[in-house]
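Chemist: One-letter residues, chain by chain:
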Amino acid sequence: MEKVGVYICTGCDIDRLDVERLKNVAKEEFGIEPKVHPHLCSQQGVEMLKKDASELDALVIAACSPRVKTALFTFDDKYVERANLREGVVWSHEIDEHAQELAEDYLRIAITKAQKAMKPEPYIQEISKDILVVGGGVTGLTAALEIASAGYKAYLVEKEAELGGWVAKYYKTLPIEPPYRRIEENPVFRLVEEVKANENIEIYTSAHIDSISGQPGMFDVVLDKDGEKIQFRVGGIVVATGWKPYDASALEELGYGKFADVVTNLEFEEMAKGGKIVRKSDGGKVENVVFIQCAGQRDLNHLPYCSSVCCLVSLKQAKYVREIGGNAFIIYKDMRTPGLWEDFYKEMQQDVGIYLTKGEIREIKEENGKLTVFVTNTLLGEDIEIKADLVVLATGMVSTLKGLYTVKEEFPDEKAVPYKHIAEPHPVKSEEDVEIIKRAGHILNLSYRQGPELPTLKYGFPDSNYICFPYESRRLGIYAAGAVRAPMEIASCIEDARGAALKAIQAVELVAEGKTTFPRTGDIDFPNFFLQRCTQCKRCTEECPFGALDEDERGTPMPNPLRCRRCGICFGACPERIISFKTYSIDQMASAIKSIHVPDPNWEEGAEEKFRFIVFACENDALPALDMAALNGKKWSPLARVIPVRCLGSVNTVFIADALSKGIDGILLIGCKYGEDYQCHFIRGSELANRRMENVGETLQRLMLEKERVQVVEVSINEWDKIPEIINSFVNQIMEIGANPYKGF
Amino acid sequence: MEVDTQFVKDVVGFGGKTLKRCYQCATCSVVCPQSPEEAPFPRKEMIWAQWGLKDKLIRDADIWLCHQCNDCSEYCPRGAKPGEVLGAIRAKVIQELAFPSFFAKILMKPAGIVVYFAIPIILTLLYLSIASPEIPEGEIVIGKFIPHQHIEVAGFLVGGWALLVAAIGAYRFWTGINSEVSKVYEYRLGENAELEAVKASPRFIECFFWSVIDILKHSRFAECVTARYRYFAHFMIFWGFIILGIATLGDIIYIYGLGVEELALPPTDPVKIVGNLGAVLLIAGSLWAITARFSSEKLGYGTYFDWLFLGTIFAIGLTGVGIEALRYAGSVAAYYMYLAHLVLVFTLIAYAPYSKFAHLLYRTLAYTWAKSVGREPQK
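As given, the protein sequences belong to chains A and B, one line each in that order. Just so you know, the working numbering puts 446 at position 446 of the first sequence, and the rest follows in order with no gaps. With the second sequence counted from 1, adding 1000 to any position gets you the working numbering.
Here chain A is said to cover these stretches of chain B; the calculated rule only asks that three of the stretch's residues, wherever they fall, bring their Cβ under 8 Å from a Cβ of chain A: (1) 1020-1026; (2) 1043-1050.
In the DSS-like style, the derived pairs of lysine-lysine whose C-alpha atoms are separated by at most 27 Å in a straight line are: (3) B/K1009 <-> A/K285; (4) A/K635 <-> A/K722; (5) A/K273 <-> A/K285; (6) B/K1009 <-> A/K319; (7) B/K1017 <-> A/K319; (8) A/K23 <-> A/K69; (9) B/K1056 <-> A/K358; (10) B/K1009 <-> A/K358; (11) A/K333 <-> A/K258; (12) B/K1009 <-> A/K346; (13) A/K594 <-> A/K23; (14) B/K1056 <-> A/K333; (15) B/K1017 <-> A/K358; (16) B/K1056 <-> A/K346; (17) A/K333 <-> A/K402; (18) A/K50 <-> A/K78; (19) B/K1056 <-> A/K370.
Just so you know, the hints here were simulated from the structure itself, not pulled from any lab data. Note that the Cβ used here is the ideal one computed from N, Cα and C, for glycine as well.
Whenever a hint applies, use it, and build me the whole structure from the sequences.
Modeler: Shown next, in the form of structure tokens:
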């Protein structure tokens, strides 16, 4: 940027600094006449900025944190760089000479970054705003209807001949609306009729997806419908393929397969739907039905998790038993009816013919054609035996993604998997194993270099940044909804479908303007690759968490900018440094690091005391933690200069080299937690940073530098109270080791 | 295990309609001031009732250790009102233990009020037609209308019948609470390190004596917090009865000791004063109980079973004082009031083993048993 304006706000205690010295930094070191204002966020302040912005390319605003007043300090598409003098200096340090020097460095960094930034051009293509919905069950039907009523076109693809999914096989359903007390007549048929009547929904049944290639806004879908190929283009995708039941043949200890009268909850539902609840063994009358909860669930030998709906389903099915005049016994480990479902539980409990107790099944025996269920550890104070005509096992839900060949990294070859957050690495020993898994079927068949399906995390459910955005997946523009994403009942599936449909609509609208979605929503700046110098090391194509890069035969990356979330992990990975953003580049960051004033012990008195540190803080968890610590009055060493980055994964190791050669004594990287319960908003950025910095440690030792000078620390956004300790202990540790010997070179 | 759905429906019908709300959190047992620490109540009774386990509940002494303080109903997070449910269970158990049980069933339905009054009214009319007493002239002396010997005979007959039925019920109850079925909890290590069921010890008389002392002092009732009024109201009703009994003793001394023909005591007579004191306690106590029962929906308003008993006591008190007032006023209506009073007293005594009055028997036995096996309330 050529024309850079510098604005210093003196409100919020910033005037406790020596503002004249700050002004001199801009004037004498950069030749820019800065403007000082007592209250930049006021109406007059903003108006002044707006007026000046029309003449400028970039504005440097030295005031509060970049996380606040972002909308206020936006001026069309001018570049804005924020120097954090409030949370970063006056609120988090004692006001002394050190704090003053810190403020001056922040100003230097900001002006340098603004000068080196270039104007980004959005990647605008002609895109489709149609949305593909995969799966014609309750979730898919609702998503398609929501998409259509918002004015977009939906393609609904279902692999069976009929729409309706599992719910079409149910006799009655749990309530889908408040007050959640009554069992309802099946709502799915009404949904099917509505979908069929809607002009904005194009339906393909008995069809599966042959391939999907391209990127959001330009997904080229090829369907196979009974051998016939159908092609169309969509902008976004909602995956609503639902669940499959846990295979009950593994539950022999509960009598399944051994006794004819032991059935699963799904089989019992089908009996009810057919109007014939009778003993399977001899067709006789059913008087007593025992429901066994948590069958094959919450058990490390079967499904380790709870499917969240089975307690509700058993309560519902107990009412079916009462309808035919029988008694229902529900034996549970816990009765899980979360939230408003408590009202449903209370309502079902009122029936005198439904008997509930906690208990463990000791065994199930058969005598004279009748089953007896032996239950121990009951609430009744003694072991009980119940004679049953039918025993219903409340088995669980498994995602349709489980067992599919999803991404390459989950099926490692000889190398150890570096990504610890993959909880269940599939045991794959050979290409043959891979072929077997591939034949298990597919849903999306994406032509992505990284793999054909949505990456999964625990238990075969799709990986997402669950805390912030449950519907997001690791593929931009593709959203998971309903039981494919987590076990849930119909009311939640409907809500999920609405959420995912809205996210898909948001995605296509953003992509139409070349913008990315969560978490850097609205960013138009995408990475550029100077491929002439590429050495085909494949780090970027493998490490990209979102599969944005495909490869050609030689291994050269083929970027798909609309798949990209702009995390910068590829930027941080490239050893040749050929990847850059317009507003975040190697040159920009190197210059910013070099602009920091490192006191030279040869020339400046007292410079031995003035260690200098850089803290790279990720903008998702670390920077907010720093701001919150300052907000709460915490203070820490003024020797550390915080440079926010979009992700720790976007820290290229050349920054470390530049910093050390400049004389910086230590570099601390603070980012989101990684591991099994990872918080990293870009999935693996901090983990990669950790691995790269371990490699850097080896290099440092060869240069006779201590590897402790570069450290990576994980912090959660709620652990802001630990920030002072983290920074101060790092500072003290390095000060004990001693100053960077390359200082003053 | 057989579940008795009809039993569950019966308990619900007797006022335990919130029974099925219980989800076994055991807050009630923790809060109950009467409950022992070992296998406390009323949690287990709630689930036994939900599962229709009639046998266990008939043989359970714990339901009689409950005084319906309603601390449990106050704290129950589900509004299951264990206090009221246990009251309903007690009603059902009285019905099951009484002999003959069909008679108990009749009396416990609201429609049975016809039978309730029909029997004594018919008997009274029978007596009146046989004995043909005349309304005497002059001073109102009850004994001139119906001689005291007739009352004594009637009293012995009715009382004897009630005692017989009560004895049967008491026998069934006592064997029940000492049987194996109720023993989910009362075990101890005996010789040879074998678990022995604890039966009531031979120190029956001693435990009985101390139980009676407890009852006279209402010391357990005093522990209740929530429905505290019940302690006071019941104390007054209970002692009102005893004092009236003492006054009756005074009457007997006058008639058989001092040879008075028929009694018409003035209000200054010491026996009359004692009697009036008892009457005041009785009326005030039952009035308090009646009005306080309406105070809290959360604790439950009570059922026909409760109101029949309470109403009868209150009416007895009123009619008794009514007779006295009418006598002093010189009105012959006193004789008719006396007939009404007799009918009410009959219902109280004859139906005692079938009505809520039976608690006198079962609760005393339960206290005794609990003392003998060491089931004291938690401190």
